[in-house]
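Number of protein chains: 2
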Amino acid sequence: MLNEWTKGDRPESEELEKRLDEARAKLAAKQIEIKEKKLPVLVVLEGWGAAGKGSVLGKIIRNLDPRFFKVAVMEEATAEEKRKPFLYRHFVKIPAAGQLVFFEGGWMDEVTGDYLSGRLKKKEYKNRINSIKRFERQLTDNGYLVMKFFFHIGRKEQKKRMDMLLSDKNTKWRVSKKDIRQNEDYDECRKVFDGYLEETNQPNAPWYLISSVDKKWAELQMLELLLSGIDTALMNFSKAVPVLQNTFPVKPIPKLADIPLADKTMTDEAYRLELKACQRRLRELHNEIYRRKIPVIIAYEGWDAAGKGGNIKRIASALDPRGYEVHPIASPEPHEKARHYLWRFWNRLPKDGHIAIFDRTWYGRVMVERLEGFCSENDWQRAYYEINEFEKELADWGAIVVKFWVQIDKDTQLERFTLRQNTPEKQWKITDEDWRNREKWDLYEDAINEMLEKTNTSYAPWYVLESNDKKYARIKALKTVIAEIEKRL
Amino acid sequence: MLNEWTKGDRPESEELEKRLDEARAKLAAKQIEIKEKKLPVLVVLEGWGAAGKGSVLGKIIRNLDPRFFKVAVMEEATAEEKRKPFLYRHFVKIPAAGQLVFFEGGWMDEVTGDYLSGRLKKKEYKNRINSIKRFERQLTDNGYLVMKFFFHIGRKEQKKRMDMLLSDKNTKWRVSKKDIRQNEDYDECRKVFDGYLEETNQPNAPWYLISSVDKKWAELQMLELLLSGIDTALMNFSKAVPVLQNTFPVKPIPKLADIPLADKTMTDEAYRLELKACQRRLRELHNEIYRRKIPVIIAYEGWDAAGKGGNIKRIASALDPRGYEVHPIASPEPHEKARHYLWRFWNRLPKDGHIAIFDRTWYGRVMVERLEGFCSENDWQRAYYEINEFEKELADWGAIVVKFWVQIDKDTQLERFTLRQNTPEKQWKITDEDWRNREKWDLYEDAINEMLEKTNTSYAPWYVLESNDKKYARIKALKTVIAEIEKRL
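Line by line, the protein sequences are chains A and B.
Be aware that the first sequence starts at 460, since it is given in this note's numbering, and climbs by one per residue.
Be aware that the second sequence starts at 460, since it is given in this note's numbering, and climbs by one per residue.
Just so you know, the hints here were simulated from the structure itself, not pulled from any lab data.
Wrong hints could be hidden among the right ones.
[Claimed, not checked] In silico lysine-lysine, DSS-like type, Cα no more than 27 Å apart, as pairs:
| no. | chain 1 | residue 1 | chain 2 | residue 2 |
| --- | --- | --- | --- | --- |
| 1 | B | 636 | B | 650 |
| 2 | B | 477 | A | 714 |
| 3 | A | 518 | B | 581 |
| 4 | A | 851 | B | 581 |
| 5 | A | 585 | B | 710 |
| 6 | B | 938 | A | 581 |
| 7 | B | 698 | A | 698 |
| 8 | A | 631 | A | 518 |
| 9 | B | 582 | A | 466 |
| 10 | B | 913 | A | 674 |
| 11 | B | 581 | A | 592 |
| 12 | A | 714 | B | 485 |
Build the full structure now, drawing on both the sequences and the hints.
Here you go:
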């Protein structure tokens, strides 16, 4: 890209000032439209050290209302951040609806830096690029505007600027060791940058090269491009986007109706013995994964009154409380609803070596949100693939992902509902909503079958826990988790 | 891709037969839905020589109604095809609405073959891959289902099959020299194939790897994937897709209202002299481009009665009739309307060394089709970028692309309309529609300004021909074409 690019002609000063005034005023006006139409806007500034990203950004935000934008300065990842998937620290900073977030330096800076320094091998680097392409597409598919700017200067110009900064003790700190190395290995860096720009130059989230020799001209380029991108996004806003073909390996899984439940029982005696043995084993394995820094994600979905809570308890009580967390998932809060629906799950990822147990999950998108109309058909149809992508990130990061569907039949649910209703100390567990959901059993069953079929990937498989007999289901859950961890060790 | 791929488990024979029967019946049923919903389906079969693409395809089409599908067997490009952009012979074979076209071997086979044999250098090869990605995305953005299958076998299996075919004089012909070389250089080929598969594995048009050792199993894999792809496409059908951000270099261009016309005149005497000189020069250049095999595309758009016809005549009369063609573009025929709107222009591309003059063009999409509602807003909004992509293909092929907007003011149009109306031998040139269009002058002017602004690329620029004085416009057209050709020589 850098080779073919023509940097365009800087207009005469008078013309430049006129266009700058116009563009600044327009951006201020557009911000109101962004706010009103609830468009989330993510802007990334990348480029050479000393290319002037920061100073251009400083000028651009002067035109904006500070309530509705944020600047995210992406420094080196912290030790804490390094224990999460590499996209984590970027994903959690995405804008809410109606907001702009400017990333000064983003994922490009991070992964190209890691590759140039040898911390990432070629194959890992390529995987990251694929992750990034999926990340950006997920954002734009979900209504985000993503604009990426690369501030370009030549080697000599960079050297000149750095020398100037270094010569003054007040500005010296602004030149990092990384910048100096970049200038020394300019050609090598340029080659890697160029490859990255080409590979991630998708028309939903393209790269804009900014000729950064003249600051005002750079500001004008960025402003005018920004305005045109915002216009494009407002045009697209709230339109359906295509559901994508699945590209991940999916294994067959039986339909719920074909899963026998009656014979899946266990005596109290056998249960007591197995429980003890399994919990002892899991406790050992928990130490092991902690030592080896393997993250584990256990996801629970199931019918109301299927016994999720008691099942989770039997897992959790085997674990060291410092090394796990249970996340009960209810309907999203307003600040969560204002962002990509996977945002709140990215925010709840465990550190490596830790276990996160989700009591209900991101699959809400294709069950309750689908059936209650909380999202559009296009949204939930698209979500199967997006969820497969999300879990692929977790698996690539090295996580063990176990997904449980806790299964009971309709009669068993009725028994348990009735028991809850008739037992004073259990009445809090049963609400009108539970009864309403029960009426939609068949619709849910169709949705669940579709979900299991479309998301039973080889890297994040579903396990059905036959839970008419809760004891059986608990032991099966423990054994499954144990087996999945043992497989990895 | 080939490395990470797991080929899945072939089901037991009984299960296999059952699923085959089901899938075959479903495909036959789906074909009716495809027809009714007017979905165009493009299926590409690629893979190793002797992997059995042909025989699987043979089985699959047995379930289909022959009126609604075609098989395109892509042999070596003919000498004639080689004189067109490389995508030409593929683009012209795309399915019509409601039809399936199966490409047995497609653009992958062609470009990887050319790269492996050294006919394409690395840079050209990369450009082709970008072109292919754009081509496939244009199809899916315009409602096409694109599914790509790669039939995979190992080196030994390939050798075994080829030896078997070679040992029988009736099947010997089925093993080409290319197949033999492929087996000899299997590892090298695999590397290139793998790179190609990865780079073009977009979720709108992904690759499906087919384990091709067992024929029935291969058929089942392809059938089941095909069915799931058709379901996805039917779900997306006729939904709007996002308008993309422009990634091509666009130069500023003045608005029509800011273009002075009054002073753009010419005396009869000057016109006569200039015309003679220009036509002589153009005649020479026509020989030159013919000799050097440079294709030239001259596109005319302009107001009714602006003088397009007479202008074109002055260009054409300087040219050797064997080396140019004028394409008058009216509203599309039904078979054209049933395909991608650029299809009829791909079909009219000149051979290299030839000149094609378009009297009205693909810009109809963003003018008359936009204003008369012949396409959706989403369609014409998307078209600016699609047209830039189309012209990029032409430029990359090596074509000189010159686009003229023939400009007059509203009063001049009225004069000419009135003259036509009052002159019996000119009356055929004026219709009620012309008068109706004239009433929409302001709407058209806005649309034209937007079109000029968004498609004035550096590789296919617009030239405004001030045509209140037709003589002036004709000489400017001639001089512009001459200058553009001279620039290239």
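Tested hints:
1. Annotation: proposed proximity of residue 636 (chain B) to residue 650 (chain B) holds, straight-line Cα distance about 20 Å (limit 27 Å).
2. Taking the CA atoms of residue 477 (chain B) and residue 714 (chain A), the gap is about 17 Å. The hint holds against a cut of 27 Å.
3. Distance check on the hinted pair: residue 518 (chain A) and residue 581 (chain B) sit about 42 Å apart at the alpha-carbon level, beyond 27 Å; violated.
4. As the CA atoms of residue 851 (chain A) and residue 581 (chain B) are separated by approximately 32 Å, the hinted pair breaks the 27 Å bound.
5. For the hint pairing residue 585 (chain A) with residue 710 (chain B), the CA-to-CA distance comes to about 34 Å; that exceeds 27 Å, so the pair is violated.
6. Only pairs whose Cα atoms come within 27 Å are accepted, and residue 938 (chain B) paired with residue 581 (chain A) is rejected, the gap being roughly 52 Å.
7. Distance hint between residue 698 (chain B) and residue 698 (chain A) is fulfilled; the C-alpha atoms sit about 8 Å from each other, no more than 27 Å.
8. With a C-alpha separation of about 22 Å, the suggested pair residue 631 (chain A) and residue 518 (chain A) falls inside the 27 Å cut-off, and the hint holds.
9. Distance check on the hinted pair: residue 582 (chain B) and residue 466 (chain A) sit about 21 Å apart at the alpha-carbon level, within 27 Å; holds.
10. A threshold of 27 Å between alpha carbons decides the hint, and for residue 913 (chain B) with residue 674 (chain A) the separation of about 26 Å falls inside it, so the pair holds.
11. Simply put, residue 581 (chain B) and residue 592 (chain A) have alpha-carbon atoms about 23 Å apart, close enough for the 27 Å limit, and the pair holds.
12. For the suggested pair residue 714 (chain A) and residue 485 (chain B), the alpha carbons sit about 19 Å apart, so the restraint of at most 27 Å is met.
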